[in-house]
Each structure stands twice: as C-alpha cells, then as structure tokens.
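**Q** So the chains spell out like this:
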Amino acid sequence: MAGFDTKQIWKVFFILLAITVLEFLIALTPALEGIRTDYKLAVNLTYVVLTLFKAFYIIAYFMHLKFEKINLIYSIALPPVFVIYCIVLVLYEGGYWNGIREENVTSNQKIEQVENHAPEHH
Amino acid sequence: MSTHSVAANEGKIWDGGNEPFGASYGKLMMWFFLLSDAFTFTALLLGYGALRFSALNWADPDVVFQSAPGIESGAPLVFVGIMTFILIMSSVTMVLAVEAGHRNSKSEVVKWMIWTVIGGAMFLGCQAWEWTHLFSEGASITKNPFAPELVPYIEKFVSQGMSHHEATLKAVNEIPHNYEFTSLFFTITGFHGFHVFSGVVINIVITINAMVGTYQRRGHYEMIEKVGLYWHFVDLVWVFVFTFFYLV
Amino acid sequence: MAHAATAHHDHQAGHGHDDHGHHHETFLSKYVFSMDHKMIAKQFLITGILMAFIGMLMSVIFRIQLGWPEGTYPWMETLLGKWGKGGKLSPEFYMGLVTIHGTIMVFFVLTAGLSGTFSNLLIPLQLGARDMASPFINMLSYWLFFVSTVLMLASVFVETGPASGGWTVYPPLSALPQAMSGSGLGMTLWLLSMTIFIASSLMGSLNYIATILNMRTVGMKMTRMPLTIWAFLCTAILGVLSFPVLLSAAVLLTFDRLFHTSFYLNEIYIAGAPLAQTGGSAILYQHLFWFLGHPEVYIILMPALGLTSEVIATNSRKPIFGYRAMIGSLLGISVLSFIVWGHHMFMTGMNPFLGNVFMILTLVIAVPSAVKTFNYLATLWKGSIHMTPAMLFAIGLVSMFISGGLTGIWLGNAALDINLHDTYFVVAHFHLVMGAASIFGMLAGVYHWFPRMFGRVMNARLGYLHFWLTLASAYMVFFPMHFIGMDGVPRRYYSFTEFEYMKPWLDLNKFISISAILGSVAQFVFLYNFFNSIFRGEKSGQNPWKANTLEWTAPMDVRLHGNWPGDIPHVYRWPYDYSVPGAVDDFIPQNVSDDELPEAARSVNREQTLAAEAANQEKKEEASTLAFSSLFSKLGFRKG
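Going down the list, the protein sequences come from chains A, B and C. FYI, the numbering for the first sequence is 1 to 122, going by my numbering. FYI, the numbering for the second sequence is 123 to 370, going by my numbering. FYI, the numbering for the third sequence is 371 to 1010, going by my numbering.
Isolated chain A, as found in the complex (with noise of 0.2 angstroms):
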C-alpha cells in the first residue's frame, strides 16, 4: 500500500518532532524575550501555524489520509471549514465581551470615585 514505508514515517516522526523543537525555541529562548512581549498576536499565530503543520503531517501520513481517495479526503477535509467559521466568530465574540468587561470595570471604579467624593459635596 502506498504511502506505508518505514522510512517515510521516520521522515514524518523527525519533521514533527523538528517543528515542536522550533516551537519550544520560540517560546524558551531567552533573546526572543522583547519579541515575545511586543509582538505577542504574531507569536501567537506562528505557534497556531506550525501546529496546522504538525496536523497536517498526523493526519495525511501517520492516519494516512494522504493516499486515501479523493472523495475521501474532501469528506473529511471540507466540514472543519464549520469549525474555522465558528472559531472566527466566537473568539471575535470573547473579544467584545472583553470590552464590555473592562466598561463594567472602568464603570464600577468610577462609581466607587463618586461615592467616595460625595460627602465633600454636602
């Protein structure tokens, strides 16, 4: 069966394990420090691209999707654009519901000022 040699999943084992090995690199290295404070969201997203990579690796060669029909692979690689839609949007959600908190917050210390100066206006 194609796609089934013993050096090819060597291959695979060493690309995954090579991209985790960059990802602790990433998150460990102590020069990488002001990059990982400024720049948090494109740190982020690096980490959130490399794992697609390592998904991607998992599931074409060790599950062997890869070589699988075509029907097949568009069955099982088309739904999680559901997945991707909803993310969007719920993470953008978590977004806004950070800003009503942090309204909630600024809010509450404002009230808190008033109450606190109130006496010195009577």
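It should be emphasised that the hints constitute simulated quantities derived from the structure, not laboratory data. Positions of the beta carbon are idealized from the N, C-alpha and C atoms, including for glycine. Watch out, some of these pointers could steer you wrong.
[Stated by the list, open to error] Simulated crosslink set (BS3-like; lysine-lysine; CA at most 30 angstroms straight-line): (1) Lys880/C to Lys458/C; (2) Lys40/A to Lys265/B; (3) Lys69/A to Lys591/C; (4) Lys265/B to Lys278/B; (5) Lys752/C to Lys455/C; (6) Lys7/A to Lys228/B; (7) Lys66/A to Lys233/B; (8) Lys452/C to Lys880/C.
[Stated by the list, open to error] To list a few chain B residues with every Cβ distance to chain A over 12 angstroms, as calculated: (9) Ala250; (10) Phe257; (11) Val273; (12) Ser281; (13) Gly312.
Start from chain A and add chains B and C according to the hints.
**A** Leaving out everything else, chains B and C in the frame of chain A:
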C-alpha cells in the same frame, strides 16, 4: 463487506455495488466518528478560547508549567515536552504496527503494538504526575493559584511571615478569584486523558487479539488500521491542546 | 464505540450477509434485540408514537391552564398529585411540562422517531442492501435511544420536578440547582438522557452514511437514489457534525452544576449575595447550543421533505420536478444550517456586528427552501393526482412549510426580532415550519410505507378523517398565535391574566386551547387506525401505490432478514419514471432494464430530451442559487 462487488463496475466508482471511497464501511465509520469527535474537542477548545479572550487577565503558562519530577521550578515546558515526545513516539510505533499489518507480519504487529500500549500508559502516568503536582500547588477545578489577581494577596501573606506555598494556599482558599484557567485546563486535558485511556484499553484488546492470531486467521489487519486512526487522532488533539494551553 | 464497530466486523467477515435468514430466532432476538433494520425501524416508530402522545398530552394540560387560567379541575390533582393541588396546575410544573414537551417533541419524536424510523426502514430497502452496514451498532443505537427516553420520562417523576428551563436549558437557570425546583435532579437527568441520546444519534448517523456510500446495489448511482435517501444522507451528516457540539456544551454545563465551575456563570447575585462562580459567559452556552440547535431543525425537517418528495411524485404519477435542484437545495440547506445559528441570539447581548452576519446568511436560506416548495408544486402541476391519505399529508407539509417559512423571513430580520423575540409569534413560526410540517411528513411516511412495514394498508376513510381534523386544528392552534405574538405576549408565561394588555387575548386563547384538544382527539383516530390495521387492515399486495423504488420489489409477506430471497435486484434507471410515453404501465420500477420495455419507452430515446431538460435546469439553477450543481459535479457526481 462488498458481498455484491462486480468486476464490471471497476472504474465507475459511484455506480453502486462498490466502495466509492475505497474504504470498508468500518473504516468509513471510524473516519466519520473521528470527524465528529473533532467537533467535540473543537467545541471545548472554542469555549476555552472565548472565555480566555473575554477574561481581563490570565495565568502565565511559563509559570504554571515550570516543574518536572525532581525540578520544583524554573524548567518551563520541559515536562510537557517529554509528554508530547512520548505521545508522538507512540503514534510512530502505531504506524509501524499498521505498516507491519499490511505485510501480515504477526510478530512485528505485536511488537509495535506493545510499544504503543507502553507509550500510552507512560503518557497517562505523566499526566497523573502533572495533575498531582498542580493539586499540591493548590490548584483544583475551582481553584486557580496562578490567577494574577491573587498576586498582591500572596505577597501580603508572605510579608506577614508565611512561606510562599502557605501564602498561595491561603489566598486561593480565601480570596474570590477567576478560576476559569484551571477549570478549563482540568476539563479539557481530562477529556483528552479519557480518550487516551480508552485508546490504551482498545490497544490492549487488539494487541491480545493479534497475539492469539485472530487477525492472522481473518487474513488482514484492518482492525489495527482502524484503531490506529483513533490513536493518531488522540495524538492530533494533543498537538492542539499543547499549543493552546502550554504555548499561547 | 470503535470497539463495537470492530466486534461486528468479525462477525461479518465470518459468514457474510446472505445466511442471516437462516439464524435460529427466538422472541428476544426477533422482536427485542433484533438486528434486522426493518424491526429496528418499527421499534423506533412505536417508541416515537408513544413519546409523541406523551408530549401531546402534556401540551393539552398546559393549554388548559393557558385557556382557563382561573379554572380548577379535580382530575388535575388526581393526575398530578402535589403539582395539581386544588385542581390547579402549579407554575413550577407548568414550566416543567413546557420544557419536557419541547424536548420530547424535538429530540425523541422528530429526530429519533422520524429519522430513526424511516432511515432504518428505507435506506437498505431503497438502495438494495441486505441490511445496514453494521446491524449491531444499529441495534445499539435503538437501545441507547430507549434508555434515554426512559431517563427523560423518569425526570418527570422526581420529587423536585422535571427540568424546567425550557427545551434549550439555558444557564444560569439550568446551571444553579437553587434557581428553581426543576433545576435539581430533574435537570441532571435531562443532561444524562441527552448525552445518551447523542451517542445513539451518532451511532445511527454513522451507520446511515456508511450504508449509503458503500452498500448501494449495482447500478444505484448517487443520482439514481430516491430523494428520501438524499434527505437521510444530509440529515445524517448534519447529525454527525452538530450533535458533538451539544455534547461539549452539556459536559461543561454538567461541570457547572456538579463541580461548581463557572463556564457559563458570571456575576450572579442570589438574595443579594454574590455567587463565587464568576468569569464565565451564559452566551457561550447559547453559541454552543445553537451550533447544534440550528442544524437540528433541519435534522428534523429534511427527512420529512425527503418522504414528501417520494410520496408526491408517486401519487402524482409524474417524475419529480427538478431532481438535481432538489438535491442541490438539500445540500444548500445543510451547508447554510451550520453558519446561521446566531439568529436565535439577536437579543442576547451578542456582538451586534455578528447579528448582521447571521441575518444576511439566514435570509439566504429562503432560496433553497423556495426551490423545494416550487418543485413540489411543479410536480403536482398537471399530474394525475391520487389523493391517498399519504398524499394529503404530503401536500399538508407543503402548506405548513410555506405558511411557517414565510414568518421565518420576518424573524430572521434582526430589527423585527427585537419586537417578536420570545413571543407567541416565534411559537407559531417554529410549530408550523418545524413541528407541524415534520409531523405531517412523518404521518405521510407512515401512511405510505405502512404496507412495507406490516403488509397491510391503513384504513383510508379514517385516514381522511385524521388528515382533515389535524390540518384544521393545526392552523386553528398556530395561526392565531401570530396575532398574540405581534401584540407582544411572551411565550412560556404561566398565566394570561397577570397583565392588562394581555387580557383582550383571553378569548382567542380559549379558542386555541379548544383547537389543541380537538387536534389531540384526532390523533387517537390515528392511533386506533394504526394498531387496528396492523392486525386487521386490508392486505396490501406487493406494490400498492405502484411505486418505482426498490423497497416494493422485496417480498412483503415473508419477514426475511436480508430483504431479498435470491440475488439483490440491479438498478437500471432513476426512481421517477412515471407516465413514460410508450410504456405499458404508467410506472417503470428501477430494476426494469431497457430490454424489457417496448421500443418507444426505452431510455435511449428519452435520453436526449432529458439531457436537454437537465442542461436547461442547470442553467436556471446556477443563475438563481449558489451554483451547487457545478460544485456537485466537481465532487465527482454524474447525472444518472
């Protein structure tokens, strides 16, 4: 299962009396089950993402996961790195078992399956250690000693003469705080651990089946392939859990 | 699950399908733990009918409360005990009844009872398969469903009452046992029951998909499958992809209840004291729930639409109009159903921008729905219509689908929804388009395939009586609700006498309640007809409706596990060859090859006409809808 396959239909894969995906019904059902299970995990991780985005502050993974057996602190991500390595390794041995199955080599299948079972068990052991360690630090599904809002209280208690450990326990038990991080961590890694556990059980069953020659008599090792799909899926989920809990 | 699948595989590989009929069968293996898809279909149907009656009687009890809020009924105390003290339904139990009525009808009757029955019955028979891909998992699917119904009914009898937070069980009401009496043990049982139901549904759906893909007989191309099968396929795909999300939502909710996490709880004050659980979001639950919840309404509706296509084509003695457009619209509805869930949440405090996204996508659903409606009407047009009870119910579905679907366009509009949200307008909308329409489709299916299940025909006179009473009462119940809703009367309220502005509607409410009781009585006509016909109905013969599909070629009298005694018939044509010019009969079954037909009726002659029609159709489709047909052919499907 193709009791009515007809040679004339080869090449016209959608015409009936055929397997249009080139896969048996069992393999198809496993694939679609995994697709379904992927949606389950996605929903859990989605909840994690939404709650984390909405939170005003969050625990720093480099602080939470900085211990390993024998190292109390200062080794961020080392232990989880070992766990990841173990799980990927067991995925490799599983593929090797599947590959041996295609060659109908019973002894090799059994050998690689045993390694896979050992890998799965080791991973579960690591997870047990990690959870126990977090519990000892005062974490539980409703207590989050790593919540940033507890830091001033912990510092206050330390200045009153407590050790850092005691101060953390006191703060986590007495001060209301946001414990979404630990709730989500234990729920999602627990759900994943449950999958690993059931995977190990199934792996043991098919290893025994392979040993006693069930698949040899059947003439093919498709069962190893189907269970293998499940096992790789567990690995796949871990890749995402690793990224979103430990790295991001 | 994986293990179960494999266990059966061993059995299959051992001795194939053909010798199933020779197994020694005991009562247990034949009627209880049967692995024959026909028996499992009957089990689903009878459990579904039982649950439908329980759900219906619950609705009668709370309709009596809504129609006569001041009245007292001694029998209510006899029946409900402490929940009906003094002959008056208690508010707590009213909430419980509304919740369990919704849950039973949505999940147990219209998901399992409808899709479970007809997918199991028709998929192997119409495709020419001996049984489901995995009969063992099929049996497991039914028995898990049975366990979940028992648990759900058990929740009605616990001391603190059944789950009472509405069928959507929104937190915090459902998450905090102290919120209301129904949020105690009753709610826990609800979650447990639903978890088991999801497992059952998943097993069923996986089996349906694997069977449809792998077990079609020779010649049964995807584009020769009856539209019923297409509908079941889309339904199963929706089930596989959407139910797991509800599972996750239920797991998180269970943790909130049992382990005091706060995934869905934030800043809650009970009697002035803040709750320790904080930092979550109740809207998160709604997102997860409706990611299932919206596909769920199509899981309910699509099998009914599929059954209707078949019944209408057969009884109009005409090919279904726009076969490929019908498939395209099923696929279109399936895809759209995953990306519009937020239209249930316009008023929750969700990000208003997302409201816009959801609103636009929601209104697009009108396109494939309209394609289906027009195709039904065009099939009826100039047909030689046979008004069997099944046909009447199928036409009833089209009527309900239109009148309920039109209000969907109103509700899908975020601005109008501000006024209409959570009023009786919504109740009217979803009862017509999802409840009544699907029930009509299900009843059409029962009347049409009753001979296939029991070898006898249901009494037509009683069927007509049942139909007209049901149709009239359905409109009499749900149509007036639109007006009540537009006046702003909220759903789920216990009494209509509390607020001045609701009082003018009291008479109309009495009318609705009387109609609901009438409709319920009509269902007993069906119940009598159903069980009486099983034993005393007229023998049906082999093909009572002169239909083309394969299920009518399998012998009716012998209860054969394996469906066909000899070889499985091969398929040579699509299932809608009705009234073919030049043919002897007005129908040509799918297993008849061209060689057996007179020269003039052969498909070779018709192919050019059909090809021209198809090309025409394709152009129209691409212009009007989302060009699904082209996507379709890219995916490897060919015209049959």
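**Q** Ala250/B clear of chain A by more than 12 angstroms, beta carbon to beta carbon?
**A** Per Cβ check, Ala250/B is outside 12 angstroms of chain A; nearest 22 angstroms; holds.
**Q** Check the non-interface label on Ser281/B: least C-beta distance to chain A beyond 12 angstroms or not.
**A** holds, 26 angstroms
**Q** Holds or violated: Lys40/A with Lys265/B, Cα cutoff 30 angstroms?
**A** holds, 27 angstroms
**Q** Against the 30 angstroms threshold, does the CA-CA distance of Lys66/A and Lys233/B hold or violate the hint?
**A** holds, 26 angstroms
**Q** Taking C-beta pairs only, is Phe257/B more than 12 angstroms away from all of chain A?
**A** holds, 25 angstroms
**Q** Has the given pair, Lys7/A with Lys228/B, been kept, meaning a C-alpha gap of at most 30 angstroms?
**A** Given pair Lys7/A, Lys228/B holds - Cα atoms ~20 angstroms apart, limit 30 angstroms.
**Q** Taking only the CA atoms, is the gap from Lys69/A to Lys591/C under or equal to 30 angstroms?
**A** At roughly 18 angstroms apart (the allowed maximum being 30 angstroms), Lys591/C and Lys69/A satisfy the hint.
**Q** Checking the smallest CB distance to chain A, is Gly312/B really beyond 12 angstroms?
**A** holds, 21 angstroms
**Q** Within 30 angstroms, alpha carbon to alpha carbon, are Lys880/C and Lys458/C?
**A** Measuring from Cα to Cα gives roughly 17 angstroms; hence the hint holds.
**Q** Per the stated criterion, does the least C-beta distance between Val273/B and chain A lie above 12 angstroms, as a non-interface residue requires?
**A** holds, 17 angstroms
**Q** Just to be careful, I want the Cα atoms of Lys265/B and Lys278/B compared with a cutoff of 30 angstroms; is the pair within it?
**A** holds, 19 angstroms
**Q** Quick one, are Lys452/C and Lys880/C close enough, alpha carbons at most 30 angstroms?
**A** holds, 25 angstroms
The structure does not agree with numbered hint 5 stated previously, though it agrees with all others.
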